[in-house]
Amino acid sequence: MATMAGARRSPVGFVGSLMIHAGIIGATLFTFAHKLDVTQESPPVVPVDLVTIADKTNIMAAAKARPKPEPKQEEPTPPEPQKTETAPQPEPQPVKSEIPPEPKPVEAPPPPPEAVAPEPVKTPPPPPKAKPKPEPKAQAEPKKEKFDINNIMALLDKRAPAESSAPNARTAEKTIKGFGPQTAMTMDLQDSLRSQIQQCWSPPVGAPHPEELVVEFELFLKPDGSVAQPPQLSAESQAAVARDSFTRAAAEAARRAIYTCAPYKLPADRYNQWQDITLNFDPRQMMGQ
Amino acid sequence: MRFPTDLKLVVAAAIVALVGCTTKPPPATEAPPAGPPPGAGETGPVTESNIIPGSAEDLRVNVGDTVHFEYDRYQLRDEDRNVLQRQAGWLQKYPQVRVTVEGHCDERGTREYNLALGARRANAVKEYLVSLGVSSGRVDTISYGKERPVCTQSSEDCWAQNRRGVTTVTSGAASS
Amino acid sequence: MNRIALICAALLAAVFAYVPPVSAALHVDVTQGNIQPMPIAIPDFIGGRQGAQIAGVIRADLDRSGLFRTLDPKSFLDQIKDINTPPQFANWRVINAQGLVTGQAVAQADGRLRADFRLWDVYGESQMLGLEFTATPENWRRIAHMISDKIYERITGEKGYFDTRIVFVSETGPATKRVKRLAVMDEDGANPIFLTNGSYLVLTPRFNPTAQMIAYMSYAGGRPRVYLFDLESGRQEMLGNFPNMTFSPRFSPDGNKVVMTLEKGGNSDIYVMDVRTRGVTRLTSDPAIDTGGSYSPDSSQIAFESDRGGSQQIYVMNADGSNAHRVSFGGGKNGTPVWSPRGDMIAFTKQASGAFHIGVMRPDGSRERIITDGWEDEGPTWAPNGRVLMFTRTERGGRGSQIWSVDVTGRNERRVQSPGSASDPAWSPLIQ
Numbered sequence: 001m002a003t004m005a006g007a008r009r010s011p012v013g014f015v016g017s018l019m020i021h022a023g024i025i026g027a028t029l030f031t032f033a034h035k036l037d038v039t040q041e042s043p044p045v046v047p048v049d050l051v052t053i054a055d056k057t058n059i060m061a062a063a064k065a066r067p068k069p070e071p072k073q074e075e076p077t078p079p080e081p082q083k084t085e086t087a088p089q090p091e092p093q094p095v096k097s098e099i100p101p102e103p104k105p106v107e108a109p110p111p112p113p114e115a116v117a118p119e120p121v122k123t124p125p126p127p128p129k130a131k132p133k134p135e136p137k138a139q140a141e142p143k144k145e146k147f148d149i150n151n152i153m154a155l156l157d158k159r160a161p162a163e164s165s166a167p168n169a170r171t172a173e174k175t176i177k178g179f180g181p182q183t184a185m186t187m188d189l190q191d192s193l194r195s196q197i198q199q200c201w202s203p204p205v206g207a208p209h210p211e212e213l214v215v216e217f218e219l220f221l222k223p224d225g226s227v228a229q230p231p232q233l234s235a236e237s238q239a240a241v242a243r244d245s246f247t248r249a250a251a252e253a254a255r256r257a258i259y260t261c262a263p264y265k266l267p268a269d270r271y272n273q274w275q276d277i278t279l280n281f282d283p284r285q286m287m288g289q
Numbered sequence: 001m002r003f004p005t006d007l008k009l010v011v012a013a014a015i016v017a018l019v020g021c022t023t024k025p026p027p028a029t030e031a032p033p034a035g036p037p038p039g040a041g042e043t044g045p046v047t048e049s050n051i052i053p054g055s056a057e058d059l060r061v062n063v064g065d066t067v068h069f070e071y072d073r074y075q076l077r078d079e080d081r082n083v084l085q086r087q088a089g090w091l092q093k094y095p096q097v098r099v100t101v102e103g104h105c106d107e108r109g110t111r112e113y114n115l116a117l118g119a120r121r122a123n124a125v126k127e128y129l130v131s132l133g134v135s136s137g138r139v140d141t142i143s144y145g146k147e148r149p150v151c152t153q154s155s156e157d158c159w160a161q162n163r164r165g166v167t168t169v170t171s172g173a174a175s176s
Numbered sequence: 001m002n003r004i005a006l007i008c009a010a011l012l013a014a015v016f017a018y019v020p021p022v023s024a025a026l027h028v029d030v031t032q033g034n035i036q037p038m039p040i041a042i043p044d045f046i047g048g049r050q051g052a053q054i055a056g057v058i059r060a061d062l063d064r065s066g067l068f069r070t071l072d073p074k075s076f077l078d079q080i081k082d083i084n085t086p087p088q089f090a091n092w093r094v095i096n097a098q099g100l101v102t103g104q105a106v107a108q109a110d111g112r113l114r115a116d117f118r119l120w121d122v123y124g125e126s127q128m129l130g131l132e133f134t135a136t137p138e139n140w141r142r143i144a145h146m147i148s149d150k151i152y153e154r155i156t157g158e159k160g161y162f163d164t165r166i167v168f169v170s171e172t173g174p175a176t177k178r179v180k181r182l183a184v185m186d187e188d189g190a191n192p193i194f195l196t197n198g199s200y201l202v203l204t205p206r207f208n209p210t211a212q213m214i215a216y217m218s219y220a221g222g223r224p225r226v227y228l229f230d231l232e233s234g235r236q237e238m239l240g241n242f243p244n245m246t247f248s249p250r251f252s253p254d255g256n257k258v259v260m261t262l263e264k265g266g267n268s269d270i271y272v273m274d275v276r277t278r279g280v281t282r283l284t285s286d287p288a289i290d291t292g293g294s295y296s297p298d299s300s301q302i303a304f305e306s307d308r309g310g311s312q313q314i315y316v317m318n319a320d321g322s323n324a325h326r327v328s329f330g331g332g333k334n335g336t337p338v339w340s341p342r343g344d345m346i347a348f349t350k351q352a353s354g355a356f357h358i359g360v361m362r363p364d365g366s367r368e369r370i371i372t373d374g375w376e377d378e379g380p381t382w383a384p385n386g387r388v389l390m391f392t393r394t395e396r397g398g399r400g401s402q403i404w405s406v407d408v409t410g411r412n413e414r415r416v417q418s419p420g421s422a423s424d425p426a427w428s429p430l431i432q
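Chains as they are written, first to last, in our numbering: chain L, 1 to 289; chain B, 1 to 176; chain D, 1 to 432.
Calculated Cβ distances over 12 Å to all of chain D for the following chain L residues:
no.	residue
1	K222
2	P223
3	D224
4	A235
5	E236
6	A239
7	K265
8	A268
The calculated label-pair distances, taken between Cβ atoms and stated as ranges, are:
no.	chain 1	residue 1	chain 2	residue 2	range
9	B	S131	D	F329	34 to 42 Å
10	D	Q88	L	A235	27 to 35 Å
11	D	Q108	L	P208	37 to 45 Å
12	L	R243	D	D373	34 to 42 Å
Since the hints were made in silico from the structure, they are not lab data.
Everything numeric in this text was worked out from a predicted model, so none of it was measured.
Glycine residues also receive a C-beta, built at the ideal position from the N, C-alpha and C atoms.
All chains should be modelled from the sequences, with the hints used to inform the complete structure.
Okay, structure coming up:
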């Protein structure tokens, strides 16, 4: 790629030095010109990035007619994921207007050239986590670390993970009276929600570093159990998603699970207990970690 | 590689002479067609009369060209030493003959490992022949790994036949 | 005593830390999932037959990966008429599509083929990706594969592997006289090309990192040696000039070296040859069989197999040959180690209880997992993303071999299309 880019910059020298590549250069210039065309032609359609495939593939069959000395790769445009992201976001809005995809304000403005999913989820800039939730957070942590004796909360919580990691958790037969406000009173809700959402959750288990696949969402449900607003990644997960394409894939898989399993069947009379949910998706057990 | 016409005639005659018995003359570097089962009839005296002494056929039929190995081993078995002793004697009788020892394996090994194992087997045969006085320059080796079985079933019996060292004539044999 | 005190303290702390009972979020840990391919709708691209063909190849690619399930076009409620208009997401949700790909193929004035596509998040109602490709029309399959790669990458977070090739050995004839020819084909089995004519045996081909060069073993002239095949020129040359058999070649990650095995006096040892200078360095000196060298992606180490401990096992040594140590302890015989391009695993062949299986383990030998269960599965090769493996599967009784693929998790085992019987696959890197 680098050499090609160089070739484009100084085609004359290149041709001079390497006759064989004359064809490449020609094609390169040609495609380059055309690329400009395209961008001008279709102003409204920003979202596509241009990638040109080498005209030839490198196979030369001994037994077969030799393919013409085709240029190898005349149009570089490296298909870099980073770049490709820049364009997409603004697109949907301008064209149509009849589509009513909920309030999705983030999409329209000049897109942040970010690696974050251009999804309904707000792109990184809006971290409006105004919620006062240092508390559930604190609980979430120790739950993962089973042996953190230093953390008092962990002691408190030990029971919960033991229960919750039962693979086929249906609704718990009975709830055990506990101390923490959330453990006893809501354990059945947790189990129920967990068993519902597990059916829909298909995390990317082939990823090399399972710990990068842990993501946390905050979810608001309507009284009928449907999703009230696009689920929000925790600030920590958002940062991780921006860093790592596997984490992004994991976050998207989790979000698809949230949507596909909705509406959730939960006791309506306890709506106040489940209208606001933090979901911690952790596939490490599934991956034998 | 240009042969005088009369030599070609001799060759042709030899081939005609052979037609009666086992059909085709073995190609120089190819493994011979599935021979007699191991142990049995390696010195089949039956067709002796038709075979030209000092020929590849002579080695294969009258002397015995094949030895066998245990699974994943390359040590010679005692009963096979007799075969190799006859080979050594035959080679001393026909000093112009050069041979290649092929090492073969059964299918129960990975491809590259079997190439290495086949090389060990071929070399074991060669070393024994050399120890019996055959000049090492007359004996080449080649490994075919598991690429050239003589028996294709996946059975203990077949595997035993395929684990083998085969001495083939490279050059200098009578009329072939 | 202390413990009780601690718990009391904890309780207290909890009570105080705990603030409003109603508005606190319910916390749920989800640790078990249901691994399912993602349902995705890929209507034929706009653009007539070409558009339909491209979409067909993309559907086949994604289905083959096992990570996607492309939905039957007959179930679609909408027809894509203009890819610049956002789709009616609700109509795709109804058929349970989680992703949607729309695209078009256009023959340009200059005769080149242009294809653009968009990947939509059906639930998020947003575009995840939009790209445009141009190429000569003959390369339409490559366009389709590249689109598949982009979709795969966007959804899974890792690079795709559809725009790749497989070099392999095509097999014909009876087992006793099998004819083996060097051949290459696309990853999906399309465009097979034979590189040798079958008059001599060829074995164990492997690509260099640019996919331009193949190192393989050939019996040409009755001398089994390692050769290089230059795909661009069609030229073959023996690699080095050694008196005895050379085999088991594999390129270093930078392509400048070939690690291979030299046999001498029946003993096999591993050497590395500089492809340019042809300088040779010996790496092992053991009376045992040492073969099957495979570099780690960072070039610092080489995995290989040896029977120095009594049976065929996998070892790892530094790239200079020092510090060789056994890593396979999972039972049986273990060989053909191949380092994952991701570096996190070594794939290998395990021979145990009368059969051969493909396995993977960490480079230190831990976390061994057997991922196939055939009669004779051997010789794994990694997809460039380190996620999928191909291997040779041989049936009992000399009935020939086929190439199979399997996900590194052991899921999604399937036969790879090839012309006739085939063995010894080696995956190319992503085509440049």
